[in-house]
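Starting from the given sequences, assemble the full structure and let the hints guide the process.
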Amino acid sequence: TEIVTGTIQRFDKKNVIIDLGKTEVVLPTSEQIPSEEYVQGTRIKVYILEVKKTTKGPQITVSRSHPGLVKRLFELEVPEIYEGLVEIKGISREAGSRTKIAVHSKNENIDPVGACVGSKGSRVQAIVDELHGEKIDIIKWNKNADEYISNALSPAKVLNVTVEENTKIARVTVSENQLSLAIGKEGQNARLAAKLTGWKIDIKSQEQDCFNVNDNARGDESAT
Numbered sequence: 001t002e003i004v005t006g007t008i009q010r011f012d013k014k015n016v017i018i019d020l021g022k023t024e025v026v027l028p029t030s031e032q033i034p035s036e037e038y039v040q041g042t043r044i045k046v047y048i049l050e051v052k053k054t055t056k057g058p059q060i061t062v063s064r065s066h067p068g069l070v071k072r073l074f075e076l077e078v079p080e081i082y083e084g085l086v087e088i089k090g091i092s093r094e095a096g097s098r099t100k101i102a103v104h105s106k107n108e109n110i111d112p113v114g115a116c117v118g119s120k121g122s123r124v125q126a127i128v129d130e131l132h133g134e135k136i137d138i139i140k141w142n143k144n145a146d147e148y149i150s151n152a153l154s155p156a157k158v159l160n161v162t163v164e165e166n167t168k169i170a171r172v173t174v175s176e177n178q179l180s181l182a183i184g185k186e187g188q189n190a191r192l193a194a195k196l197t198g199w200k201i202d203i204k205s206q207e208q209d210c211f212n213v214n215d216n217a218r219g220d221e222s223a224t
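Okay, so the sequence shown: first residue is 1 according to this note's numbering, each after it adds one.
Think of the hints as simulated: they come from the structure by calculation, not from any bench. Even glycine gets a Cβ: it sits at the ideal position worked out from N, Cα and C. Mixed in with the good hints there might be a few duds.
Stated by the list, open to error - Distance windows between CB atoms, simulated:
(1) Gly84 x Glu50: 23 to 33 Å
(2) Leu20 x Gly133: 41 to 51 Å
(3) Lys14 x Lys52: 14 to 24 Å
(4) Val39 x Glu176: 39 to 49 Å
(5) Gln40 x Asn144: 44 to 54 Å
And the structure:
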């Protein structure tokens, strides 16, 4: 397993030292979630990032902000993913704030999104609780880029998507009342959708306001 549970033992400068029982692991500042408070003595789930062999034994670095943490939490929480009936196709994350995860099932009788949400939202809620309220959008993956992009911009409702294969630009049209939802706070919804799908996304309302987002890691956005 790439997820381990330990107890916050002590702090070394700004790094958090977590006790797993037989060994200690390090949660460096770069892998922490800025909005999280780490309290001595509390239990915490972390993602194993790397194991370095040293003369004193293995030095293990862990993460709370890595997308792999969310992926593994879904694998642990959703039996259909663990059993291979539902596949995670992609994930984009701004840790502590929001994650989009794309899921797919080859079995037509299985609703991949429903499986991840769980009865009355129980499965996804368990993951949200573990991540202290991080919002999670579960997206239905589609092999057709236009439908996938439309789904990825959820919770916004999309009217139309036109994709340009050669430039990897998707031009998205939404109604005026969906524009701010599609773009998201500080461009986050569009940025995560672009990162998830691998497409540059231009969003405009029927009234022609245009907003474009690249799929690069920083997610620079520019209103034009």
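So, going through the hints one by one against the coordinates:
A beta carbon spacing of about 27 Å between Gly84 and Glu50 agrees with the range 23 to 33 Å that was offered as a hint. With their beta carbons about 25 Å apart, Leu20 and Gly133 fall outside the hinted range of 41 to 51 Å. Distance hint check: the CB atoms of Lys14 and Lys52 are about 20 Å apart, consistent with the given range 14 to 24 Å. For Val39 and Glu176, the hinted distance range of 39 to 49 Å is satisfied, since their beta carbons lie about 45 Å from each other.
Between Gln40 and Asn144 the C-beta distance comes to about 50 Å, which sits within the given range of 44 to 54 Å.
The structure does not agree with numbered hint 2 stated previously, though it agrees with all others.
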